Each structure stands twice: as structure tokens, then as C-alpha cells.
Amino acid sequence: MIQMTNVAKIYPNGARALVDISLKINKGEFVFLVGPSGAGKSTLIRLLYREEMASRGQVIVNGWNILRMREREVPHFRRNIGVIFQDFKLLANKTAFENVAFALEAIGVSPKEVRLRTKKMLKLVGLGHKENAFPDELSGGEQQRVSVARAIINNPSLLVADEPTGNLDADTAWEIMELLYNINRRGTTIVMATHARDIVEQMQKRVIVIEDGRVVRDENMGAIEYGT
Amino acid sequence: MGLNSARYVLREVGSSLRRNIWLSIASVLTIMIAMVILGASLFFFLNAANLAENFESELEINVFTQEDLSNMEVSALGERLKGLDGVQSIELITKEQALAKFAQEYSESLVEDLGGENPFPDSYKVFVTEPELVEGVAKKIDSLTGVDNVVYGKEVIGPLLQFTNWLRWVGMGVVAIFAVASIVLISLNIRMTVYSRRKEIEIMKLVGASNSFIRWPFLLEGMVVGLVGGLFATLIVGMGYDWFAQYIQSTLTFVPVVSESNLIWKVLALLVLIGMGIGALGSIISLRRFLKV
Ligand SMILES: Nc1ncnc2c1ncn2[C@@H]1O[C@H](COP(=O)(O)OP(=O)(O)O)[C@@H](O)[C@H]1O
Ligand SMILES: [Mg+2]
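Residue numbers (my numbering), protein chains in the order written: chain U, 4 to 231; chain P, -16 to 276.
The following block holds chain U by itself, in its conformation from the complex (with noise of 0.2 Å):
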């Protein structure tokens, strides 16, 4: 699902992001990256989807090698990845069925369809009441299943997460966990960067420590120290 081989990222201000990262993830995979603040965890989540390009090294994600994809076949990568974030980024102009919706618009899916789906998807992560509320009308926890939402619409393979729950309360947190676990139960392949040890801890899921921009400890189950 995910290869990565010898990867480095240097930013163009200079900035060593990530040294030499090699890692595979397998298809069905819940992992999460941990590391202090700084050591590289965003930068390896924007280079699955392509927001960030390596600077050396082969990153193969979903069997495109990413960084021969010419760019116009960018859109078709990105189907496949759904990707959600520690701010929501939802439009603030947009309902929040028309925010999910808007993931099968942009891909030529039919009226009726993207009607019919764009409800059942909202009361699987249980919104099917507040279908009409803005953003700004929904508490975070709400916010982020709609962003939820929008990112398995398409069903992508692959759902890469950066601090999901950095902006929510701890039990808020534990419900988008819920649901981030029953996507991955249905085969979704999960790469989730986070801070909360106690979510780590708990879910007992593999766990990739990364530091100063290389993985310094890769444990198949739960509880990891790193830093201090």
C-alpha cells in the first residue's frame, strides 16, 4: 500500500523536515505516527497524498510512484486518499451535507447519486440530523465527522490523518477514534499522526516513532515513549 524508501524532505527555506525515512505499510493497516512537535510527522502525511514532493528517495503510495506522476493524473491519485485534518477545513459557506457532497461533485457523479450517498455517509458518522447546519453551527466534534465524512465518500483505499483530534476534548476524541476504527474495519488503510498518548496506548494498533526526521522505533502494538 504504502512504500517508502531512503526519504528525505528538504523544505526551500532549508529546512531538513525528514532525513531518511524507509517504511512499508501494508493494505488494512491502522498506524500512527507519533514523534515531539517538529520531528517530521506532517511532512510524511503531506507526501502520501502529494501536497509535498520528497526530495530524495521513492515514495509509492497505492501503486503510483509519486514522483513520476505527471500532473495531470494528480486528480485521479487523489481520489483514492482521503484525507482529513486537525482544522477541519471545511467551507464555511457550505452546509454540511453540501461539504461532503461537494467530494462526489468534484468527480462527475450524478445529482440523484451524489443525494443518495451524501445522506447515508452523514448518518454513518451520525450527522443525518444536522444534513443543513454551516459550520460554524456545529461543535468541533461535529465538524470533523463531517470532514470525516467528505474524505471516505469516495471510498479511497487509503485515509491519512494529521492530529484529528488535536482540536477536540478527550471524549469528543474518543467517538471520531470510534469512527476512524470502524472505517478501518471495513479495509481502509489508516495513517494517523497524533500527540494523544492515551489514544495510542489504548488502541493497541502499530505505532511509528519518528524523530529529528527519522523513524526511531517501529512497534506492531500500543504504548510507546518517545522524547520527553
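Some hints here could point you the wrong way.
Said to hold, decoys possible - Quick list of in silico lysine-lysine cross-link-like pairs, BS3-like style, CA-CA up to 30 Å:
#, chain 1, residue 1, chain 2, residue 2
1, U, 27, P, 188
2, P, 123, P, 78
3, U, 122, P, 123
4, U, 122, P, 188
5, P, 78, U, 92
6, U, 123, P, 182
7, U, 133, P, 188
8, U, 30, P, 188
No lab work stands behind these hints: they were computed from the structure.
In this text, all values refer to a predicted model and were calculated from it rather than measured experimentally.
Dock chain P with the ligands against the given chain U, drawing on the hints supplied.
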């Protein structure tokens, strides 16, 4: 782009204009103001050029014939004048016409004092095609047989040409300055629009929308905004100019004002087209920063 996408694009243009109503109004106003400025300066230029041409067309060469010429010889001279390079038209003023004009302009009694004598010779008014040619043509006429005297505004031609050229340059300068001002206004507005749309485009790309899918709503929206702004500008400039032309014509009757409705309509149509073009162009420019196309 498929049918579903086309439908989406149309709906999106409508709802985006409505939901970003203040930005839409600001954009329409910006383009309107820019087009009003441009339209006003275009009309200024047209009138400056028209005025210059009017002044220049009054440049004439007066050719006085020798007194003893027969009517035949006078008209033969006319034929030769007509045949000269650079001559546009000629007009014969007979000695009788000259006397009558004199009597009308000065006094009947003075004419009576002449006791039936007519001191005026037959003369020709010669108009040339280009004002710069007046001097050369006048010299050539002077050497023709039967010509007694050639009179033209030797002293005024130089300054007049300078003045009319200056008038044209000022006209063009005004258009240029205000065109730049319009562009600045519009690019400020585009920057505002882009800023408000950054997130939208980012998310569109995130969910795998193709570049053309992203581009079309913005392009159409820009065109609609430009069209509306251009139409308002046309209305304002059209009515404003109409009022202005009538005012000038009734107060400064000697100043010629451009009033061919054909030309005016062309300028107004141009404003609408430019408005639409700028709207679309603005969208394209602002999108280039986000789409690598
Ligand atoms: N867009 C960027 N431009 C320049 N430097 C960046 C950019 N994004 C991140 N960095 C730098 O790269 C390093 C890793 O950052 P990041 O990947 O955000 O780490 P994390 O998500 O683990 O906190 C940091 O030193 C950060 O300053
Ligand atoms: Mg980060």
C-alpha cells in the same frame, strides 16, 4: 467535462455569487468604476482627436488670381489646382461673391463709395489632405501662371499643428493613465477574491477535482461579474456622455462634440466586452497561483 459537472458548475456560480454577496458586489463595483473611468477617458480621447481634426480642417490656402484673367482661364486654373498632389478640394469664390461678402461683413456704404468698381479678384479656396502639406502646396501654387497672390496662415500652422498634436497626446495619456488605474483597482479586487477562495481551491484539489472542474466556476463567475459591471458602466457612461454632449452643444456652440451614435455605441459595447474580458482574465490569473496549468 461531463454533463453532471456542467450542471454543478452552473449551480455553483449562482450560489457562490449569492453567498459571497458582498464580495460579488465589491467586484461588480470595481469593474464598473474601472469601466466608467476607461469609458470617460475614451470619450475624452475621441473628442480631443475630433477637436484636433476640426481645427486642422480649417486650414485653407487662398489663391487670388491675376485681375485680367478671363472666366475660361480662371476655370482652367481651377482644374490645375485640383490636379495638384495633396489637394483634397477647391472652392471658387467669384469677385461678385467676394464683394457681397465684404459688403455683408463690413458696410454697404463702403461698397457704394466704390461707385460700381469691384476691387476683388476671383479667388480659390484650396483644402489639402494633410495639414503638414499646406506649405509645400502653397509654394507650388505660387509658381502657377495666372496666380497673383497666395495667402495661408503661415504663422498659425506651426503652433496649430503643435497644439493639435498635443491635444491628441493628452487624450491618449488620459486613456493610458486611467487604464493603468483601472488595472490596479481590478488587481486589488482579484487579490481579495483569491484570498477568500484559497481554502475552497485547496479543498477542491484535495478531493481530486480536475483542474478544469476547478477553473470553470471561477471563470464563469468572473465573466458574469464583469458583464454586470460593464453593463452598469455602459449605462452610466452612455447617459453621462449624452448629457455632457447636449450641455456643450447648447452652451459652447462653436466646440464640436463627437455625437455619431454609431461610434458611441461601439465605445459602449467595447466597455461591456472589456469588462467581461477583465472579469475572466482576473479569474484565470488568480487561479494560476493555485493550479499548475
Ligand atoms: N511548509 C514548510 N516550510 C518550511 N519548513 C517547514 C514546513 N513545514 C514544516 N517545516 C519544518 O519541518 C520540520 C518538521 O515539521 P512538521 O512536519 O510539521 O513536524 P510535526 O508535524 O511532526 O510537528 C520543522 O522543523 C518545521 O519547521
Ligand atoms: Mg504537525
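Does the alpha-carbon distance linking residue 123(U) and residue 182(P) stay inside the 30 Å limit? Distance ~26 Å between residue 123(U) and residue 182(P) Cα, so the pair holds.
Hey, residue 27(U) versus residue 188(P), does the alpha-carbon distance stay inside 30 Å? holds (26 Å)
Is residue 78(P) close enough to residue 92(U), meaning Cα to Cα at most 30 Å? Judged against 30 Å, a Cα distance of about 92 Å means the pair is violated.
Given hint residue 188(P) paired with residue 30(U) - CA-CA distance at most 30 Å: holds (24 Å)
Taking 30 Å as the top limit, are the C-alpha atoms of residue 123(P) and residue 78(P) close enough? Roughly 23 Å separates the two Cα atoms, so the pair holds.
Against the 30 Å threshold, does the CA-CA distance of residue 122(U) and residue 123(P) hold or violate the hint? Distance ~92 Å between residue 122(U) and residue 123(P) Cα, so the pair is violated.
If you draw a straight line from the CA of residue 122(U) to the CA of residue 188(P), is it 30 Å or shorter? holds (23 Å)
Does residue 133(U) pair with residue 188(P) here, judged by a C-alpha cut-off of 30 Å? holds (26 Å)
Of the numbered hints stated above, those contradicted by the structure are hints 3 and 5, listed in ascending order.
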